[in-house]
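Residue numbers (the working numbering), protein chains in the order written: chain A, 742 to 1026; chain B, 78 to 441; chain C, 7 to 238.
These are computed hints drawn from the structure, not numbers from a lab. Please note that a few of the clues may not be correct.
[Stated by the list, open to error] Here are the simulated DMTMM-like cross-link-like pairs (lysine to aspartate or glutamate), alpha carbons at most 25 Å apart as the crow flies:
no., chain 1, residue 1, chain 2, residue 2
1, C, Lys26, A, Asp1006
2, A, Lys797, C, Asp208
3, A, Lys948, C, Asp25
4, A, Lys975, C, Asp12
5, B, Lys184, B, Glu199
6, A, Lys797, C, Asp61
7, A, Lys1007, C, Asp135
8, A, Lys948, C, Asp135
9, A, Lys932, C, Asp25
10, A, Lys772, C, Glu101
11, A, Lys864, A, Glu798
12, C, Lys26, A, Glu818
13, A, Lys1007, C, Asp25
14, B, Lys184, C, Asp135
15, C, Lys26, A, Glu957
16, C, Lys37, A, Glu957
17, A, Lys978, C, Asp208
18, A, Lys839, A, Glu818
19, A, Lys933, C, Glu101
20, A, Lys797, C, Asp135
21, A, Lys772, C, Asp25
22, A, Lys1007, C, Glu101
23, A, Lys932, C, Asp135
24, A, Lys948, C, Glu101
25, A, Lys932, C, Glu27
26, A, Lys819, C, Asp25
27, A, Lys1007, C, Glu27
Listed here are the chains, written in short residue letters.
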Amino acid sequence: MKGKVRFSHGLSVLAMLVVFALSTTAGAASKNLILATTTSTQDSGLLDVLLPVFEKESGYFVKTIAVGSGQAMAMGEKGEADVLLVHSPEAEKKFMDKGAGSSRRLVMHNDFIIVGPAGDPAKIRGVKTSAEAFKKIAHSGSIFLSRGDNSGTHAKEKGLWKSAAVSAEGQKWYQQTGLGMGQTLNVAAEKKGYTLTDRATYLSMKKNLGLEILVEGDAKLLNIYHVIEVNPAKWPKVNSPAAKAFADFMVSKRTQELIGRFGVDKFGAPLFFPDAGKKPESLGL
Amino acid sequence: MNGDTVILEARDLVVRRGGAEVLSVPEFTLHERESVALIGPNGAGKSTMLLSLATLLQPSAGDILFHGSRVQASGGDTSYRRRIAMVFQEPLLFDTTVFDNVASGLKIRGVPRDEIRKRVGECLERFHIDHLADRSARRISGGEVQRTSLARAFATRPEVVFLDEPFIALDPPTRHALMVDLAQVLRDSGSSAIIATHDQMEALRLADRMMVMQGGRVVQSGTTAEVTAHPVNAFAASFVGMENVLTGSVVSSAGGMLTLDVAGRTMEIVGSGSPGERVVLCTHPEHVVVTTVDPHHRTSARNVFPGTVTRIVPLGAVHKVYLDCGFPLVASVTAHSLAELGMVPGSRVFASFKATSVHLYRKG
Amino acid sequence: MDLILDGIRMAWHLLVTLDKEVLAVTLLSLKVSGLATLISLVIGVIGGTAIALADFPGKRLMVSVVNTSMGLPPVVVGLFVTIMLWRNGPLSRWEILYTPTAMVIAQTIIAAPIVMGISIAAIQNLPPDLRLQILALGASRRQMVWLLVREARLPLMAGIMAGFGGVISEVGASIMVGGNIKGYTRVLTTATVMETGKGNFDTAIALGVILLALCFAVNYLLTRVQQRERPR
C-alpha cells in the first residue's frame, strides 16, 4: 500500500537519525570535561572567550554546567563534575576539608556592588562600608532583592547581613527571587529595590535597568574565584587529567592576561581581575 | 439455479455467551451458487451465525467445512477468509476514495495493480458507482456507501458472500433499487450467498432458501416458496407469512407486463421474463380486494377472479377472508366492510388485485 | 511593547543573516525534538495500538497510567533522567549525561506517553466492527493492525503534533540533562531561559519568536499532510 512505503521511509530516516545522534557522543567519553561553575562566569561571556582556547589547546571538550555555587559544589561533592570554578570561599573551605577536592587555586576576582534606584530612598550613596549600607537599607525598610538561591552571590549577601547585624530573613522589605543574577536585577529594577550584584552582570545589563551603583570598593565586596579539581581518590570516575589541565590553564600566564583584558573593549573597564599566584590575604580575606 | 455441490457446511454449531446459548445450529449446508436467507427478529442469532460461519467469531462448539475440509474457526487462517466476503449492517468504509475502498480486498491479497484496476472498474460499474471512483467515501450518500461496501465484497470474487442486513439503514426507494442490482450481481457472479435479514421481501427477492430463526435456533428451513406458503408455526408465519404464494408460468411478455398462467387462470403482472419460465407470485392479503359484484368495469385492477368464501377468521378490526378462486387466496377485510357486504362462508365474491401489487420471482 | 517589537526585529535579523549560533541552536532543537518525536511515534503508536487492541487483565489500569503520564512535568522527568545518568547512577555506563542523546531520551519519556495515549484513544474510537470487516476482507493479523492504524491516521497525526509541541517547547528536562552547553546541548528553550537570565530580553524574545515560528511551521506541514491525505 502507498502508506506503507512512506512508513518504511520514515523508519529508515529514524534509524539514520539515531545513528547520527549517537555518533556525536560516541568515543568522546574520556575527552569530556564537566565544568560546574557559577552563572556569572557564563553569563558574563568570559567562558565563551576562554573555553575555545582551552579546547583547542588541550583537545578536551568542556561541558559547562552553569548553576549556583551551591549546586556546583554539590555536583563536585557527588563526583558529578570534574572541575569547579566557584566563588564561595567559606563553602569552598568546607569542601576542601571534606576531602572532596584535590586542589584549590586562586584564579581571579571581580567585585560585588550594591545597586539601587537613582532616588536612593535609603540614602546609601557613597557610604564607605557595605555593612553600614545594609543597616541603612534595613532601617529605612526599603525593598531589597535577594537571589535566595544558595549561589555565591547569595552566600556573600548573607555574610554581609551578618556583619551588619541585621536579620533580614522574613522581613517584609526583604524579598527573595530564587532567580539568577540577571533576572534578580530585572526584578530590582521593576520594584525599584536594592540588590547586591557582581559588577560583570550589572555592566552587561546596565542599559535596560535604570539601577545605579551606590556602594563599591569595600574589601568585603570582593568576589573571589577559585578553580577546584574534584578529588579522583574519592570519585574514580572523575576525569582528573582533564581537570588538572583545565585548572593549570586557568592559572597560566596567557589565560590570566585574557582574563584581565576581557570586557575592556565593550565596557571600557575589565570585569575580572587576574589573581593567580597571589595570596588570598592580599585581597583582604 | 443451485448446483448439487455443497460449498459450505456447519455441524453442531454452538455459540454461548455468558453461559447462555445464543446459537445452536445442528446442521447447515450451502450449495454452490445458492442463496440462503436467515430471517428472524433482532437477537434471533442471525449475525452470530454469519460471524461464526465466516470464522470471525469463535464458536463454543462445532465444525465448519469449506469444500468438505474443516476450516480453523477464528484463527490466523486467511486462506478461507480470502475466499469469502462479508458485508456488515454498518458499511465500515475506509477513510479513502471509493476506488481504494473497493480495491482494499484485492490489495490485501496482493493482486497486481493492473488487475486491481480492471476488477475494481468492473465492480464499480456493476453497482453503478463508477462515477464516484475518486470521491471520498466520507462524502457520498447512504445508498452509495452501501453500494461501495457491496462492490468491495464482490471485487474479490468470493465463493461465499455473507450479507448482514445490508439494507437496514436505507430508505425504501434506495433499498429497492439496490436490491435489484444486488440480485443481478448475485446471479451473474456465481457466488453463493447467506443473507441475514428481517425483511421477507428481501429474502424472497434474493434467496432460494430461507431459514427462519428464533432465539438462536432454526425453526424452519426450506425453499422460499415452501416457507412462505406453509409457515410451521405462528412465529414463522408472523415473519414470513406472505399467505398468498402462487406458482405459475409465463405465457407472454410485452412492455414490462407479463401474462401468466396460474392454475389455468390468466393474470397480468408487472415484471420481466420469458415465455415458459416458471415463477412464484406473492402478494399481501391487504392488497387483495373482495367485492360482491363483478368490479370488471369499475376498477383499474386487471386481475379479477370469481370465487367462494371458505372461511372467515376474525382478527379484531381486520378479518382474514379465505377464498377459493381455483387457487387459494387470502384477503384482509375490515370488520366494517365485511358486515356491509354481508359476507359469510359460502358467499360468491370477486377477488381482485393490481398488476403492481404482486411480487414476482423466478423459480429455480 | 517596544521590547517585543525589538525582539521580533532581532529575530528577523538573526534569521536573515543566518546567525551561526542561532542557526545551530535552532537546528539542534529540531533535531533533538524531532528525533524524540519520531521515537515516541514508533513507541507510542505500536504500544498504543497493542494496548488498544489487546485484551488483558489490568488493561484499564494501564490505560490510566498512560493517560496520567501524558502530563509528566518535564522537570520531574529531567531530574529522574539526570539521576539515572549520573556518573554514580545506575546508567552511568552510557556516559551520556549532558549530551543531546540524554535530551532525546528525556524528551522521548515526555512525548511517548502523549503519542501513546492519543493512539489508544484513536484506535479505540474506531468502529468496533471495523476489525471484523478488515479480517473479512481477508487480512492477516498484521494487515489488520496496519489498516486500523491507517484508518486512525488523522488523530494519530494530531498525537504526533501534540508530542512534538510538548517537547520542543519544554525547558525543564533539557536544561537538566543537557546542561545548556554552548554549541552542544543548547536548544531554543534553554537559550531563551539563559538570555532572559542575563537580561538580554531582546535576544530572548527573538529566540522565542523563532521557537514559535518553528512550532508553527512543523504543525503547518503536518496539517498540510493531514489535509492532503483526505481526498475530495
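Status of the hints after comparison with the structure:
no.: 1; hint: C/Lys26 / A/Asp1006; in the structure: holds, 23 Å
no.: 2; hint: A/Lys797 / C/Asp208; in the structure: violated, 32 Å
no.: 3; hint: A/Lys948 / C/Asp25; in the structure: holds, 23 Å
no.: 4; hint: A/Lys975 / C/Asp12; in the structure: violated, 51 Å
no.: 5; hint: B/Lys184 / B/Glu199; in the structure: holds, 16 Å
no.: 6; hint: A/Lys797 / C/Asp61; in the structure: violated, 59 Å
no.: 7; hint: A/Lys1007 / C/Asp135; in the structure: violated, 72 Å
no.: 8; hint: A/Lys948 / C/Asp135; in the structure: violated, 68 Å
no.: 9; hint: A/Lys932 / C/Asp25; in the structure: violated, 35 Å
no.: 10; hint: A/Lys772 / C/Glu101; in the structure: holds, 12 Å
no.: 11; hint: A/Lys864 / A/Glu798; in the structure: violated, 50 Å
no.: 12; hint: C/Lys26 / A/Glu818; in the structure: violated, 36 Å
no.: 13; hint: A/Lys1007 / C/Asp25; in the structure: holds, 20 Å
no.: 14; hint: B/Lys184 / C/Asp135; in the structure: holds, 20 Å
no.: 15; hint: C/Lys26 / A/Glu957; in the structure: violated, 38 Å
no.: 16; hint: C/Lys37 / A/Glu957; in the structure: violated, 47 Å
no.: 17; hint: A/Lys978 / C/Asp208; in the structure: violated, 41 Å
no.: 18; hint: A/Lys839 / A/Glu818; in the structure: holds, 9 Å
no.: 19; hint: A/Lys933 / C/Glu101; in the structure: violated, 46 Å
no.: 20; hint: A/Lys797 / C/Asp135; in the structure: violated, 65 Å
no.: 21; hint: A/Lys772 / C/Asp25; in the structure: violated, 28 Å
no.: 22; hint: A/Lys1007 / C/Glu101; in the structure: violated, 39 Å
no.: 23; hint: A/Lys932 / C/Asp135; in the structure: violated, 64 Å
no.: 24; hint: A/Lys948 / C/Glu101; in the structure: violated, 42 Å
no.: 25; hint: A/Lys932 / C/Glu27; in the structure: violated, 34 Å
no.: 26; hint: A/Lys819 / C/Asp25; in the structure: violated, 38 Å
no.: 27; hint: A/Lys1007 / C/Glu27; in the structure: holds, 20 Å
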